[in-house]
Amino acid sequence: MKRNDGDARDSRRKLLAGLAASAAGAMLGCSRAVAARRTEPATAPIGPRRNWGLVIDLDRCARCGGCVVACQQENNVPPLGPEAASRTRPIHWMDFLPPAPGSFAVTPIPCMHCQDPPCVKVCPVGATYQTEEGITAQIWERCIGCRYCMVACPYGRRYFNWSEPRWPGDDSSSSNPDVAPRPRGVVEKCTLCHHRIRAAVERARVDEEPLTDDGLRRLPACAQSCPAQAITFGDLADPESEVARLAASPRAVHLLPEAGTRPKVIYLRETK
Amino acid sequence: MLSICGLCDASCGIKVRVVEGRAVKIEGNPQHPVNRGGLCSRGQAALQALYHPARVRSPLRRMGGRGDGQWKPISWDEALGELVAKLNRVRAGGHPERLVLIDGESGGFTHDLWARFLSAFGSPNHIGQESACAAGIGLAAEYMQGRTGLPAYDLDRTRFVLAMGTDLLESSGQAMHFLRAASAPAEDGRGRRLRVVCVSPRRPGCRFDEWIAIAPGGYGALALSLCHVLVRDGLFDQDFVRDHVFGFARWQDQAGVEQPGFEELVRAAYAPDKTKDATGIPAATVERLAHALSEQRPAVVASDASAAAASNGLATAMAIAAVNALLGNLECVGGVRRQRDAGLADWDAPAADAIVAPRIDGAGTAACPLGRNRVQAVPAAITQAKPYSAEMLVLHRANPLAALPGRQAWAAALTEVPFVASFSPWLDETARLADLVLPEPLPLEAWDVVIGAPTTGEPVLGLRMPVVAPLHDTRPAGDVIVALAAGLGGSVAESLPWQSYQDAVEARLQGLARSSEGADGDVKSLLADMKEEGGWWRKPANAEAGLGAFPTTSGKFEICSQAIASRLAGAGEAAQALQAWPCKGLPPCERPSFSGAPSEFPLLLVPYRPIQFVEHGVRSLPWLSELPVVSGDPWPVRAEINPVDAARSGLADGDRMLVASPIGSCKAVVQVSDGVRVGALAMALGKGGVIALVVPEEDRFSGVLAWQGTRVRVRKVS
Numbered sequence: 001m002k003r004n005d006g007d008a009r010d011s012r013r014k015l016l017a018g019l020a021a022s023a024a025g026a027m028l029g030c031s032r033a034v035a036a037r038r039t040e041p042a043t044a045p046i047g048p049r050r051n052w053g054l055v056i057d058l059d060r061c062a063r064c065g066g067c068v069v070a071c072q073q074e075n076n077v078p079p080l081g082p083e084a085a086s087r088t089r090p091i092h093w094m095d096f097l098p099p100a101p102g103s104f105a106v107t108p109i110p111c112m113h114c115q116d117p118p119c120v121k122v123c124p125v126g127a128t129y130q131t132e133e134g135i136t137a138q139i140w141e142r143c144i145g146c147r148y149c150m151v152a153c154p155y156g157r158r159y160f161n162w163s164e165p166r167w168p169g170d171d172s173s174s175s176n177p178d179v180a181p182r183p184r185g186v187v188e189k190c191t192l193c194h195h196r197i198r199a200a201v202e203r204a205r206v207d208e209e210p211l212t213d214d215g216l217r218r219l220p221a222c223a224q225s226c227p228a229q230a231i232t233f234g235d236l237a238d239p240e241s242e243v244a245r246l247a248a249s250p251r252a253v254h255l256l257p258e259a260g261t262r263p264k265v266i267y268l269r270e271t272k
Numbered sequence: 001m002l003s004i005c006g007l008c009d010a011s012c013g014i015k016v017r018v019v020e021g022r023a024v025k026i027e028g029n030p031q032h033p034v035n036r037g038g039l040c041s042r043g044q045a046a047l048q049a050l051y052h053p054a055r056v057r058s059p060l061r062r063m064g065g066r067g068d069g070q071w072k073p074i075s076w077d078e079a080l081g082e083l084v085a086k087l088n089r090v091r092a093g094g095h096p097e098r099l100v101l102i103d104g105e106s107g108g109f110t111h112d113l114w115a116r117f118l119s120a121f122g123s124p125n126h127i128g129q130e131s132a133c134a135a136g137i138g139l140a141a142e143y144m145q146g147r148t149g150l151p152a153y154d155l156d157r158t159r160f161v162l163a164m165g166t167d168l169l170e171s172s173g174q175a176m177h178f179l180r181a182a183s184a185p186a187e188d189g190r191g192r193r194l195r196v197v198c199v200s201p202r203r204p205g206c207r208f209d210e211w212i213a214i215a216p217g218g219y220g221a222l223a224l225s226l227c228h229v230l231v232r233d234g235l236f237d238q239d240f241v242r243d244h245v246f247g248f249a250r251w252q253d254q255a256g257v258e259q260p261g262f263e264e265l266v267r268a269a270y271a272p273d274k275t276k277d278a279t280g281i282p283a284a285t286v287e288r289l290a291h292a293l294s295e296q297r298p299a300v301v302a303s304d305a306s307a308a309a310a311s312n313g314l315a316t317a318m319a320i321a322a323v324n325a326l327l328g329n330l331e332c333v334g335g336v337r338r339q340r341d342a343g344l345a346d347w348d349a350p351a352a353d354a355i356v357a358p359r360i361d362g363a364g365t366a367a368c369p370l371g372r373n374r375v376q377a378v379p380a381a382i383t384q385a386k387p388y389s390a391e392m393l394v395l396h397r398a399n400p401l402a403a404l405p406g407r408q409a410w411a412a413a414l415t416e417v418p419f420v421a422s423f424s425p426w427l428d429e430t431a432r433l434a435d436l437v438l439p440e441p442l443p444l445e446a447w448d449v450v451i452g453a454p455t456t457g458e459p460v461l462g463l464r465m466p467v468v469a470p471l472h473d474t475r476p477a478g479d480v481i482v483a484l485a486a487g488l489g490g491s492v493a494e495s496l497p498w499q500s501y502q503d504a505v506e507a508r509l510q511g512l513a514r515s516s517e518g519a520d521g522d523v524k525s526l527l528a529d530m531k532e533e534g535g536w537w538r539k540p541a542n543a544e545a546g547l548g549a550f551p552t553t554s555g556k557f558e559i560c561s562q563a564i565a566s567r568l569a570g571a572g573e574a575a576q577a578l579q580a581w582p583c584k585g586l587p588p589c590e591r592p593s594f595s596g597a598p599s600e601f602p603l604l605l606v607p608y609r610p611i612q613f614v615e616h617g618v619r620s621l622p623w624l625s626e627l628p629v630v631s632g633d634p635w636p637v638r639a640e641i642n643p644v645d646a647a648r649s650g651l652a653d654g655d656r657m658l659v660a661s662p663i664g665s666c667k668a669v670v671q672v673s674d675g676v677r678v679g680a681l682a683m684a685l686g687k688g689g690v691i692a693l694v695v696p697e698e699d700r701f702s703g704v705l706a707w708q709g710t711r712v713r714v715r716k717v718s
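In order, the protein sequences belong to chains A and B.
40 is the number that the numbering used here gives to position 40 of the first sequence; each next residue is one higher, with no gaps.
416 is the number that the numbering used here gives to position 416 of the second sequence; each next residue is one higher, with no gaps.
Looking at chain B on its own, in the form it has when it is part of the complex (with noise of 0.2 Å):
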C-alpha cells in the first residue's frame, strides 16, 4: 500500500508491505519524486515505532499528583467533554489569551487548523518551535525576498554545493534531497557529478567531497567574506545585482536619508584575513571557496537551520542569501529556487474575533522585534505571569522538556499552569506532567494530506494512507480540533465548520482539483488519483520558470531589508541599535556569544542532529540506535572530542567523562575523533541529558534560539 513517511519532513513516499493485517516491511514509492523508490534508516524505522509498547492506548487522565505516574484511560468522549469544559472555563474568563498552543508541527493541515482555531477563539498564542529550528533562514527569505519558507534547490543540474551546518547532509527534511543529487553519476548531464563541500565543526557522517572545519557561530562571517571576494574579485554577477538587488551600492530610506549599502559594508569590514578568527578558516581556503563558487557554475550555498542557530542567527542568514543573490543563481537553472504551491484554495475567513492581547513569548513586541516565534520565552512568562499567566497549556506534537533547552524551567512552568493537555502517541517526558494525554494514531495508521519540505521547488503534495488499522484507541489531532470546535459552539463552530478533518483538508483541495492540473473541479477524483501514485506532483512541464518580482518595498531582493529598518524604527530600545548598525536592514554579523566563562568551560557545544535523531519523542528506535555508525556498544551517549583537546583533558577513546555546562551536566563516552574541529565537543541530541547543557540563549532581535551558545568542559570519570 501506498502512503507517506512520518518521521522526518521530507515526507518521502512509501510503500508498505501489509500482511494479515500487519504491517511487515516499508520500501520507497519508486514513483515518488523526492526518494524514487529509495528510503533512509530512518524512514523505515517507522515500524518500530508503529508497533512500540510505551505508545498510549487511549486517552488518559491524571490520577494522584502531577508527574505521579497514575494513569486513568478514559474513554473520548469523557475526554473531549473535559477539554471542551476547560476550553469554556478560559473563555468566560474572559482571557482567551490564556490558552496556550505549543505546535510542534510548522506546517501542513492540521498546524493551519490549530491556527484558525485559535483565532477563532481568540487567542494569539499559537506558538511553533520554529524559534528552535529553521527560523533564521526562514525570517531571511521573509525579510530580503519577501517570501515566507525554506528555500528549495534545484541540484539535479547544479554543479557545486557549499552545505553550511551539521545536518543538512545526514538528517534535514532536506536530506534525501541532497543524497540523491550528491550520489547521481557524472552521466547525468551536467559533465560531472555534484562536487559537495561541507562546512561543519563537526565531519557529517554521510558523503561529501571535502569538509571544512568551521568554528561554531561563523558562517555568517564565512558568508560575508565569501561576499567580499565576490565583490572584490568582480566576480559577483553584475547584471543581476543591479537588475535584481537592491541594497547592494548606497540607498536612501524611508526618511530621504542616505544610507550605505552592502558594497561597502562587506569591502571594509569582512576581508577573509580579518574573519579567520570568527571562522576559524584560513583567508587562503576562504579565496579558493569564493572562486570555485565563481567557477563552477551553477553553484549554490545551502544551509540547514543549525547554521543560523546562534546569537548572529538572522544575520548569518542573511549573510547565506546574500552570496546566493550574488552569484545570481535565484531561480536559474541549477540555482536556489523560492517554493511554489499546489494552487490550493484558502478556507472562508475565520469568524473571528478581533486579538487585543500580545503573544506570551513576546514574539514581535520590542523583546523579540523580527521574530514571529519565541517557544523557548514561553517557561519564563508563565512562571512570572509577563505578560499575563497562562490557564491552560495544550502541546501538540510537542515535547519541550526533551526538545527543548530548559527543561527545569519548563518543568517549574508546567507546575503553574491550572491544566495542561498533550496530544501525543507516547508518554514522553512533557506528557507525564500533563492532566490530559490525548494520543494520536501514528502516520502508518492515519489518513493525512502532507506538503513535503522543499526540494527542486516544485510542490509535492503526499497522500498517507492509513496502512493498517489503528492499533489502539487514538483520534487524528484534526478531528479532536473540529469536535472541539462543534462543542465550544459559537464563532468558533462557524469558523471550523466541519465535519471531520478530511472535510477541512478536502476544501483546501478544492482550488488544486478546480486547476488545470487538477481533476476536472472534482476532489475525490484527484484524490483517487493521488492514491495510484502516492501524491499529486506538478509535472516537469508545468513548472514555472522566471524570477518574477519580488513582494518586497523595492520589489527586488533586498540584501539591506527595508521591512527590518521600519519594523525595528518603531521598536522602542531595538530602535537604538539599529543607529549603531553600520548598515541599516542588515544585522550586524556579530561575533556568536557563547554561556559560559572561557576559562572555566574551554570547549563549544557542537550539539547535532544525526541520521538516527527522530522528532517528536521516539528516540529509542533499536534499529537506529544500533546503527553500526560507531564502533563498539551503540547504546551510550558519546562526545566527540579532537584529539588535542582529549590529550589536554587526559582522555582516551572510550573513557567515560562528565561533560558540563553552565547550567547543566551529562555522563558520555568519550569519542577521540579528529572530525570534529579543535575546541569542539559533538554530541549527538535525542539522546539521553545532552539537551540539559544547551543554554536557552537566542539571537535579541530575532529569537532564533542559539544551539550554538554553550561553552563546556569536560572530566574523567570512572
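In isolation and in its complexed conformation, chain A is listed as follows (with noise of 0.2 Å):
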C-alpha cells in the first residue's frame, strides 16, 4: 500500500511538471479567454444564467500563501501533520503549482471549474456535477470514493480523503459550522465557496437589494484574503462584471487549452 502511494505521489509530481510546463507554454501563446469567446446574449447586470469564474493575476500575486490557508479555514480542510504528510499529499483546495522548468514562480491553482468538465463525465454515480451557475460541484455523501475523477481531471485538482478529518489535538473549535467536513474515503475539491455565494443571494433577495458585481468580487475566501488583490470572482456571463472585463484582457490565458475544458478559472500572466 505504501509503495502504492509513493508512486502516486511521483506520477503526481510529474504531472504537475509537465502541466507547469505547458502552462508557461499557454502563457507565451497567449490564447484569449473564454468569456470573450461565449455567444449567449448579454442580459441584466446579474442576468438569472449566471456563470461564475474566477480571475488570478499573476503579475499581482505575492506568492505569501494567504489564499491557500484562507481556504483551508473557510472550507474546514484539516492538515495531514507530519505522519500522514510523509505518506500522501496534503489537501490543498487551492494549492501552488510547482515552477516549470526555467521558471521560479509558483501559480495558485484551485479548481478550474470548466466549461467542460472531464471528472463530470467519469463519474459512475452522478457525485460531481456541474451547476446551473456553472460550479463543478461535488455532493460527498453520493461519492463512492472510486477516483475516476481524480485520474480524469488534468489539472489534479481533487484530493481523496485517506483519514478522517482531524484538527490538531483533535480540536475542532475553529472549524466553520457552515461547511460541512468530508468524511474518510470521499473526493473533495474546490467549490467557489459555494456556501457564500448562496448566503450572498439570500441576503440580496431578503434585503431586496440588487446583487452588485462590486459586493461580488471578493467573495470566495480566497479572493478575500488576498493582501495583492490578485483574485476576482464574478459573473462571466456579464459582460460588465470586473471578471469578464480582465477575462479579456490581451494577458488572459488558460492552463492546458489543449485539454479542452475551457476553465472558468483564467490567468493573467505576468509583465515584465
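Derived from the structure by calculation, the hints contain no laboratory data.
C-beta: ideal position from N, C-alpha, C; glycine also.
Keep in mind that a hint or two might mislead.
[Stated by the list, open to error] Examples of chain A residues lying across from chain B (beta carbon under 8 Å, computed): (1) Pro82; (2) Pro227; (3) Gln229.
[Claimed, not checked] Label pairs and their in silico Cβ distance ranges: (4) A/Glu258 - B/Lys716: 32 to 42 Å; (5) B/Arg715 - A/Val151: 35 to 45 Å; (6) B/Glu590 - A/Ala248: 54 to 64 Å; (7) A/Ser163 - B/Asp273: 55 to 65 Å; (8) B/Gly64 - A/Ser86: 29 to 39 Å; (9) B/Gln510 - A/Trp140: 50 to 60 Å; (10) A/Ser86 - B/Gly650: 20 to 30 Å; (11) B/Pro643 - A/Gly185: 37 to 47 Å; (12) B/Arg57 - A/Val206: 38 to 48 Å.
Two chains, each in its own frame: build the complex with the hints.
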C-alpha cells in the first residue's frame, strides 16, 4: 500500500511538472479567454443564468499563501500532520503549482471549474456535477471513492480523503459551522465557496437589494484574503463584470488549453 | 470583530468571525492602512495557535529537577506572591542588577513598562533581542541621522526598489507593505509597476522582477560600490549632499584634525571590479544597478535585518543608508522616510534609584562600544559571573534556546541562575527549564494598543480587542508587571502607579487624545473611535512633509558619524581600532568573517526566515507547515543547495543529508535548487535543529549577531 502511495506521488509530481511546462507554453501563446468567446446574449447586470468564474492576476500575486490558508480555514480542510503527510499529499483546494523548468514562480491553482469538466463525465454515481451557475460541484455523501475523477482531471485538483478529518489535538473549535467536513474515503475539491455565494444571494433577496458585481468581487475566501487583490470573482456571463473585463485582457490565458476543458479560472500572465 | 494580528511586527488589522464564542475565521480589516483587507497565510494561522493543544493553561510551578517536565498548576495569587518574594530577596541583597530580563519585544507598551519596572528596581539589564534582529539598521539610523527605529518607505510612489536581504519581501514585519506596493498595477499613477530587484544569496519565494545572487555578507561592499559608481559618474544628488550630508568631503574632527571623507574612501577602494570577490556580483551588474537607481527615480535601497547581520553588520547598514543619502531620496516623494510618532505622552519620570552597575551583556562598554543590546553575550556572562552573576532571570516572550544560536551555552547559563521565570503561552524549550511559567493570553484574547512596524512613515496605532474570552487562566504581562510593582511597594510602586496595563496605556494615549488629531482630550472617546475603525492612523492630509534638521552633531545626515568617532575615542582598545579606520566615523566594511575552516567546511550557511516563520516559539502551526511551497512531504527540515554543489557532494534532490557546522549538526532533506548561490546552503529558521548550526559570532563594535557567519559541510546519510 505504502509503495503505491509513493508511486502516486511521483506520478503526480511528473504530471505537475508537465502541467507547469505547458502552462508556461500557454502563457507565451496567449490564448483569448473563455468569456470573450461566449455566445450567450448579455442579460441584465446579474442575469438569471450566471456563470461564475475567477481571474488570477499573476502580475499582482506575491505568492504569500494567504489564499491557501484562507481556503483551508473557510472550508474546514484539515491539515494532515507530519506522519500522514509523509505518505500522501496534503489537501489543498487552493494549491500552488510548482515552478516550471526555467521558471521560478509558483502559480496558485484552485479547481478550474471547467466549462466542459472531464471529471463530471467519468463519475459512475453522479456525485460530481456541474451546477446551473457553472460550478463543478460534488456531493460528498454520494461519492464512493473510486477516484475516476482524480484520473480524469488534467489539473490534479481533486483530493482523496485518506483519513478522518482531524484537527491538531482533536480540537475542531475553530471549524466553520457553515461547511461540513468530508468523511474519510471520499474525493473532495474546491466549491468556489458555494456556501458564500448562496449566502450572498439570500442576503440580497432578503434585503431586496440587487447583487452587485462590486459586492461579489472578493466573495470566495481566497479572493477575500488576497493582500495583493490578485484574485477576482464574478459572473463571466455579465459583460459588465470585472471578471469578464479582465478575462478579455490580452494577458488572459488558460492552463492546458489543449485539454479542451475551457476552464473558468483565467490567469493574467506576468508583464516584464 | 476588529482586532490586530499578532503574528509579526506588521500588526495588520484583522476582522474575526466569532460563532458561539469561538473564533472561526480571520480576515483582513478593509479599513486598515497596512493590509487593506488582505491577510497573509501567517496571520490567518493565528487560529491554530489560539486553539493549540500545547498551550499552558495556568501558571505552573516546577516540581522535581529542572527540565524533568513535572509541573504543578498554581493560582495567579501564588505565582505573583512567589515572584514578589524572589524580587524582594534580590533587592534586599543590595544587587538589584542581578535581576536580568530577556525581552522578546523590541517596542510597544509592555516593553516600555518592563523598561520602567527595571529602572525603578535598579537593574540595567533590560536585554532585548535586537542584536539578533534589526539592530544594525537601527544603529545606523541612530549614528547617521540621530534617530532610532527602522526606516520607512514611501513605496506607493517609488518606481524602483533594490531590496537587500533574505527576508524583506517574504517574511519581515515590512513584507506586507512591500507586497502591496509591488502588486499595485501600472495604472496607479506612477506610470508603471514598482520594479523590485532582490539582492540575496537565496531567491525569495515571492514575486520580484530580478534576483541578484549576492555572496553572503557582501551587501556592504555592494552598497559602497554603488556609491562609487554614483560618485565617479556624477550621478548622485549634488545639491542634497552639499546641503544635508556631513562627511562626504574632508571634515575636521573634534580635535581639529582634518579627516578624509566618504568620497575619497569610495573612490579609492570600492570600484565594482575591486569588490567583485566580496559581493560575488560582476562589475557590469553593479554599474547597471547604480545607473538604474539614478535614472529610475524615485528609487530606494531597502534592507531587512538579515542583510546587516554579519561581522561587518554596522558598516553594512551604514553603507546601505549612505546610498540613499547620495541619491538624495530622504523624505522626498517615493523615498526613504523616518517613522513619525503618534504624539503619545510620556509617563511621568520614574522614581528610580541611580543605576550604578554596568549591563551584564557588556553593551556600551569596551567589549561592545557601539551597541545597545547584546543578548548573545548573556549566557557567557552568567556562566562566568563576569561582570557579576545573575540571581533571577525573567524571560518575556523570549525563547533563546530555540530562537538564538548557542543553545548549549544558554542551557548551561540557565542552570547557574537560582530562579528563572518565563512569560510564555507555551512550554517552549526555554520555559521547560524555568522554575515558574506565567502564561500570557494570545493576541486574539487580549486588549492592547499596538504600534505597527514602519510602512510609509505615518503612525499607525492598532487597537487589539479580545475577540474571544481567554480560553485558559492567563494574564497579560502588562497587568502582571503593574501587580508586581504594587507588591514590591516603595519607589517601584510609585513609578508604576496604575491599576492595570490598560490604565498605563491610557496615560500614554492622553498625548494623542489632546492633540488636534485626537478626540478632544478624552481618551475614552479616542478608544471608542479606535474600536470603530480598528485603530488610529494619521489621515493623509495631516502627513508631515519636509526634511527638517537631523538631530546629529552637525545637524546633517552624517555619512561619517561624529557620534561614533566620539564614542569610540573613549573606549579603550576600540579607540586603537579607530586609528586604523580609513574613514573615521564609518566602520570599515571588511570582508565578513565565517566560523570554520573553508577546507573543512566548504559551504556558507544562509539561514533565512520563510513566510511560515513565526516568532515566540510557535513553530508547528499545521496550516503553515503544510503550505505548498515545496513539492513532496512538507514537514522535514530542508536545505537548498545549488546543483553545482550538490553534484560535488554527490547529493540528489530528496536525499537525506547531515549538515555540520563547527558547533552543531542537523539532518535535512536535500532540495537541489538553482535558487541558491553556488557555495551557499540555505536553510529556513524556525524548524528543527537549524539554529544549532549557527555560531554566535558578532560584529565586535556594535554587537550585531552574525547570522551570516557560519560555514558548514554536508554528507549524505541514509
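Do the hints match the structure? See the list:
1. At its closest, the beta carbon of A/Pro82 sits 4 Å from a beta carbon of chain B; the interface hint therefore holds under the 8 Å criterion.
2. A least Cβ separation of about 3 Å between A/Pro227 and chain B falls short of the 8 Å threshold, and the interface hint therefore holds.
3. Against a cut-off of 8 Å between C-beta atoms, the interface hint on A/Gln229 holds, since the closest Cβ of chain B lies about 7 Å away.
4. The hinted window of 32 to 42 Å between A/Glu258 and B/Lys716 holds, with their beta carbons roughly 41 Å apart.
5. B/Arg715 and A/Val151 have their C-beta atoms about 41 Å apart, which keeps the hinted 35 to 45 Å range intact.
6. Distance hint for B/Glu590 and A/Ala248: a CB-CB separation of about 57 Å, consistent with the stated range 54 to 64 Å.
7. Between A/Ser163 and B/Asp273 the beta carbon distance is about 59 Å. The supplied range of 55 to 65 Å therefore holds.
8. Separation of B/Gly64 from A/Ser86 is about 35 Å and conforms to the stated range, judged on CB atoms against 29 to 39 Å.
9. Taking the beta carbon of each, B/Gln510 and A/Trp140 are about 57 Å apart, inside 50 to 60 Å as hinted.
10. Here the CB-CB span from A/Ser86 to B/Gly650 is close to 24 Å, well matched to the stated 20 to 30 Å.
11. Distance hint check: the CB atoms of B/Pro643 and A/Gly185 are about 41 Å apart, consistent with the given range 37 to 47 Å.
12. Checked against the hint of 38 to 48 Å, the C-beta distance between B/Arg57 and A/Val206 comes to roughly 42 Å, which is consistent with it.
Comparing the model with each numbered hint stated earlier shows that all of them hold.
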